[in-house]
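Use the sequences and the hints to build the structure in full.
Number of protein chains: 2
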Amino acid sequence: MLGQDEAVACCSPMVREPLGEEAAVDLAKMFKALSDPVRLRLLSLIASHEGGEACVCDLTGPFDVSQPTISHHLKVLREAGLVGSERRGTWVYYWVLPAALAKLSSLLQAPAAASAGAAR
Amino acid sequence: MLGQDEAVACCSPMVREPLGEEAAVDLAKMFKALSDPVRLRLLSLIASHEGGEACVCDLTGPFDVSQPTISHHLKVLREAGLVGSERRGTWVYYWVLPAALAKLSSLLQAPAAASAGAAR
DNA sequence: GTCTTGTTTCGACGACTGTCGATACAGCGA
DNA sequence: TCGCTGTATCGACAGTCGTCGAAACAAGAC
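In order, the protein sequences belong to chains A and B. Quick note on numbering: the first sequence equals residues 1 to 120 in my numbering. Quick note on numbering: the second sequence equals residues 1 to 120 in my numbering.
Do not rely on the hints blindly, as some may be mistaken.
DSS-like mimics (lysine-lysine), calculated; alpha carbons at most 30 Å apart, straight line [said to hold, decoys possible]:
{"#": "1", "chain 1": "A", "residue 1": "Lys-29", "chain 2": "B", "residue 2": "Lys-75"}
{"#": "2", "chain 1": "B", "residue 1": "Lys-29", "chain 2": "A", "residue 2": "Lys-32"}
{"#": "3", "chain 1": "A", "residue 1": "Lys-32", "chain 2": "B", "residue 2": "Lys-32"}
{"#": "4", "chain 1": "A", "residue 1": "Lys-32", "chain 2": "B", "residue 2": "Lys-75"}
{"#": "5", "chain 1": "A", "residue 1": "Lys-75", "chain 2": "A", "residue 2": "Lys-32"}
{"#": "6", "chain 1": "B", "residue 1": "Lys-29", "chain 2": "A", "residue 2": "Lys-75"}
Derived coverage of chain B by chain A (criterion: at least 3 residues anywhere in the stretch with Cβ under 8 Å from a Cβ of chain A; other residues may be distant) [to be verified]:
{"#": "7", "region": "19 to 25"}
{"#": "8", "region": "42 to 55"}
{"#": "9", "region": "72 to 79"}
{"#": "10", "region": "93 to 101"}
None of these hints come from the bench; they were simulated from the model. Bear in mind that the values here come from a model prediction, so they are computed numbers and not experimental data. C-beta: ideal position from N, C-alpha, C; glycine also.
This is how it looks when you write it as structure tokens:
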């Protein structure tokens with residue numbers, strides 16, 4: 001549960017060395033979870049919500065899609081390891097797992113050298 | 001073409017404030033391009049290749065899929081704005097656009113505070 | 001010009017995805 | 001207990017995606 005720290009530093013930028021086949025499959029699942037506008041907004045809505053967590057009732061309002069669809073997207077995010085969830089009484093709360101985001105973020109980090117060198 | 005610098009700094013982490021509807025649609029397209037294992041490996045193969053660029057002939061070998069499929073994936077990456085390409089004589093070369101990766105990377109950056117605060 | 005090699009486009013096919021309404025489940029309050 | 005509200009699951013449907021072989025296009029070699 002708490003062992004998220006190792007995940008943060010697990011991935012050097014993918015621009016430094018070729019991604020392994022298995023790692024690519026794994027990472028692709030996480031990116032796929034981020035590949036829908038509704039899920040992206042859900043994630044940012046949860047993360048920026050007061051206290052770092054939000055109940056589903058906070059999340060259905062801002063969208064034009066039905067409640068079952070929101071529930072489906074939340075499930076996708078959860079199964080991708082991007083958010084955690086817990087039922088507390090009547091409501092179910094969701095929060096972002098920062099280690100997962102950090103993992104992807106560091107993976108995409110482009111070395112400054114490459115960035116500067118790309119003056120084409 | 002050259003206006004990539006502004007893109008680098010355009011996006012504060014999505015965990016700080018809710019993503020706008022249009023921004024989410026835009027970003028989702030880029031993440032969708034990353035949501036396939038073959039494309040992820042292609043991207044990292046291109047980026048980590050000597051000189052920061054690779055010709056298609058360097059990219060078809062490591063994969064089990066047909067060459068037209070590789071070409072298709074390269075097109076997806078190109079249309080997502082993640083790579084650039086150019087024909088030089090017989091061969092076509094691809095390179096990564098670092099600004100695009102940096103944009104996504106910074107977007108996913110989880111503030112240390114949120115990380116620490118998630119001690120549930 | 002004609003052949004050869006490298007790359008892209010085309011058309012088709014099965015599999016997966018996002019969405020919905022209907023329904024089921026969970027917990028609270030009367 | 002019964003009803004009410006919040007959330008998840010189910011089944012269905014249209015649309016998109018990854019893949020292939022065949023064919024077209026591009027550039028150099030003979």
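Now the hints, each set against the structure:
About 21 Å separates the Cα atoms of A:Lys-29 and B:Lys-75, which keeps this hinted pair within 30 Å; it holds. The straight-line distance between the Cα atoms of B:Lys-29 and A:Lys-32 is roughly 10 Å, inside the 30 Å bound, and the hint therefore holds. Only pairs whose Cα atoms come within 30 Å are accepted, and A:Lys-32 paired with B:Lys-32 is accepted, the gap being roughly 6 Å. For a cut-off of 30 Å, the pair hint linking A:Lys-32 to B:Lys-75 stands: about 18 Å separates their Cα positions.
Straight-line distance between C-alpha atoms of A:Lys-75 and A:Lys-32 comes to about 13 Å, which keeps the hinted pair within the 30 Å bound. Straight-line distance between C-alpha atoms of B:Lys-29 and A:Lys-75 comes to about 21 Å, which keeps the hinted pair within the 30 Å bound. By the rule of at least three residues with a Cβ nearer than 8 Å to a Cβ of chain A, the coverage given for the region 19 to 25 of chain B holds, with 4 such residues. Beta-carbon proximity to chain A at under 8 Å applies to 6 residues in the region 42 to 55 of chain B; the threshold of 3 is reached and the given coverage holds.
Chain A is given as covering the region 72 to 79 of chain B, and this is violated because 0 residues of the stretch bring a CB closer than 8 Å to a CB of that chain, at least three being needed. As drawn, the region 93 to 101 of chain B meets chain A at 6 residues by the rule of a beta-carbon pair under 8 Å; at three or more, the given contact holds.
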